[in-house]
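Given two chains presented individually in distinct reference frames, assemble the corresponding complex, making use of the accompanying hints.
Protein chains in written order, with full-length UniProt numbering: chain F, 1 to 180; chain H, 1 to 343.
These are calculated hints, taken from the structure and not from any lab test.
Derived EDC-like pairs: lysine to aspartate or glutamate, alpha-carbon spacing no greater than 16 Å straight-line:
no., chain 1, residue 1, chain 2, residue 2
1, H, 37, F, 148
2, F, 172, H, 45
3, H, 67, F, 34
4, F, 164, F, 148
5, H, 37, F, 144
6, F, 95, H, 45
7, F, 172, H, 42
8, H, 67, F, 40
9, F, 164, H, 45
10, H, 67, F, 180
11, F, 164, H, 42
12, H, 255, F, 40
13, H, 37, F, 147
Values in this document were obtained by computation on a predicted structure and should not be read as measured data.
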Amino acid sequence: MGNASSMLTQYDIEEVQQHCNHAFSQQEIVSLYERFCQLDRNNGGFISAEEFLSVPEFAVNPLSQRLLRMVDGLNFKEFVAFLSAFSPHATLHQKIEFIFKVYDSDGNGKVTFTDMLDVLRDLTGTFISEKQREVGLYFQVLTDVLDEAGYTKDSLMILSDFVKILGNSGLKIEVEVPVD
Amino acid sequence: MRSPGQLKSSSSELDLDGPNIEDYLPSGSSIQEPLGKLRLRDLLDISPTLTEAAGAIVDDSFTRCFKSNQPEPWNWNIYLFPLWCFGVVFRYFILFPLRVIVLTIGWIIFLSSFIPVHSLLKGHDKLRKKLEVFVANHTSMIDFIILEQMTAFAVIMQKHPGWVGLLQSTILESVGCIWFNRSEAKDREIVARKLRDHVQGTDNNPLLIFPEGTCVNNHYTVMFKKGAFELGCTVCPVAIKYNKIFVDAFWNSRKQSFTMHLLQLMTSWAVVCDVWYLEPQTLRPGETAIEFAERVRDIISVRAGLKKVPWDGYLKYSRPSPKHRERKQQSFAESVLRRLDEK
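Here chain H stands alone, though its shape is the one from the complex (with noise of 0.2 Å):
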């Protein structure tokens, strides 16, 4: 496997040293191998980059990972729709605020025991002597909960405004998260550091990392970051899959807020998501962390039913590294310098 050597690390440029893409995307119909000498036709004739072009244009695999589907809908006749709208009002009257209350009754013991604790104590149980992080697929900010109910996770996220951020600043500080910056330019070295740090410190709660980077519509899986498959440890990979019968948990960023999301998921009946907790991993000899990052991305999909498209998250943030144009056309170039030998 092909691995182009060191990383550019400049904020405009993304790291893409992953598996070779064109792998992936589809040539069939680029440049066929030529007979004979080279001719003004064939010079003129840029029918096979132009019918990728288009491709892309029509459909691509990354935005289909972003994509809401809607579902269908069934409360269209007389008799269901009525059921319908019984459902919206008790789903909006009852469960909704019947989970308000739990949710504020919750909140205040948690808070009256929690600030004086912080204050006093600062000290965490001794649960895992292993050096091993958790790795899972990303749909929304929820899988941190419902991943909290197998042991405090200290995970790894981006730093958000508004009351999530002070959330995170306040209370999951405590149990060891760490943040990152998508946007900052030398934030992936920091935050290989403290990943470092934090993993070989003793008493810390588990790490828990999402190595897609960003949430994806939990049908695909995007690219893994071989962050958290070069810290030396074991590897255990969860995989999540949400069934979306009475709602879609995906939280799509570019479309809605967090509180939006968390509304929606509210009103709605339930969150129903199967969790599986899969063997742990290491890296095996002569294995590089990116073959490893692809090895447990292979595990986790065919286990949660997710295709794996071979992008990486960040690209919905910022452009491709102009790479892999350059490898396309260093190709294109290789195969007309080839026929000109040929007379």
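Chain F with its partners taken away, still in its complex shape (with noise of 0.2 Å):
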């Protein structure tokens, strides 16, 4: 493999670095190239579901399978896109955005209880045929906590909803890109 950044132009930095909405510096950028190049091993362009789970410390988190959905398949623009909610100048409303679509699994735009209650399950590692009692428990504790802050079971929450609820809690998203 030989230097990276001589197969991304200048034209190719900027044109990523607008996407992005300037979310990383230019040596960031070259930084997340060498990365995509490296994690992108048969050149097909983009990271395949195999290889990001190649890598171990991304495939022991609990919630390798939700953001393998978001991630597959997507070439480096796009790559460096998703990446960019975890950027220092990311605002917080696009931290929450990018939560809210880590719930909204099939992209309608309104989270669920089920959505909650299922990456409840993955972050405790409960499922449907096990632990029962866990479930079951697990399934009150959403419904208390809901409750709680005025929503129902039944309640279809938007993105406006989770601003509000996480808007003001120093949420915390924050990756370092490593450059040479």
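Spelled out as structure tokens, the structure:
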């Protein structure tokens, strides 16, 4: 593999930077491109789910399957846009929007009780067929906290609901792109 | 130190009963101890887990171990470029043919004495009577050749296809080498037994084991497999550090075949490396095989200036065991349930 930035022209870098709303600096974009090429082992122009799962640190993450659905098959420009929510320059709204998209697995702009329960199950490792008592427990926990916040089991949450709930919580989602 | 009980030895699961990986992984931002009762925003806030996942996408300590770092190009100006061209001509048309000739003559001499001798005799020199094995960090198959200068070793290695495999089954077998196959399910037990038999046999060559199980790029060490450390004998650590001044000796098996790698080495100026033979170690009382393996890995890494990562080298070939994800999930579940009691 040769020097990666020689395959990425200055025009490309600027185009990607534009696409992600300047969430990353030009050096960071070059670094991300090196990383993209490193993960895209068969040089298909996108990183497949298999290639993502070959990173053990990613594969052991409880939300890996949900994130894979969002990131599988993206080209480099879209890959950077996906990661832009994690830039220190991203706004709180962008971060909340990212979290909303993780919950909203069918992409219809609404998060249901089932979506929230599914994420909770992913994080805690409880599944329908096992640990029946714990599944019932999380169901109850979720119903209770929703109730306390003024929602019901049948509420369909939209982005503005998420903004209201998570708005002033000091959300911290940031990764640092290593620049040589 | 937690040792999680028995091994899972199916071919799809990896045996990761090593030191607790969570001690090494970044978990600074995960689940801060909460105050007060559980609210909706606490349940919806998945940012710590997301940050870890994105962090892994952007950079991770495992992939770093197998990255070949390109050297800075130095032949870019008008004075250095012709010098480099001269160097290329010299290396490819003088050094390389010379080396090939020496190699060919060496092979002719070797084979003309090996084939008759091998079929007549079967014994080896009784060099070692002590029960000891040698362990070293692994960068390329030529590690074996470099260490052969000390004494004839019986090495344990992956069975390869092609001309290397032929070499393995004929010549290397005669010095007592042992094969393993990563992809075979019951392989681990078979190999453990072979190792034990070899060590106990008195007229066998000393055993050389590369506990990492795979080639690493000589800047990091991955976790040592405990097989070599539970044979009940003294372990002599050997540290190998290559100097990349002329060529990078890391065999990136995902990027090039061994033949290409060998050609690359033979057309370079020289392979430069430092080898340290370190003080023999034995199992301390109350120490488990895994702790012993980690202690020896620490000794080797410090001597050769390598950084340690908590990953199993076999993750190059298969997925991590669900055990790790389950541990994370369990700690999250516990923190949620704990907060339920606070009213």
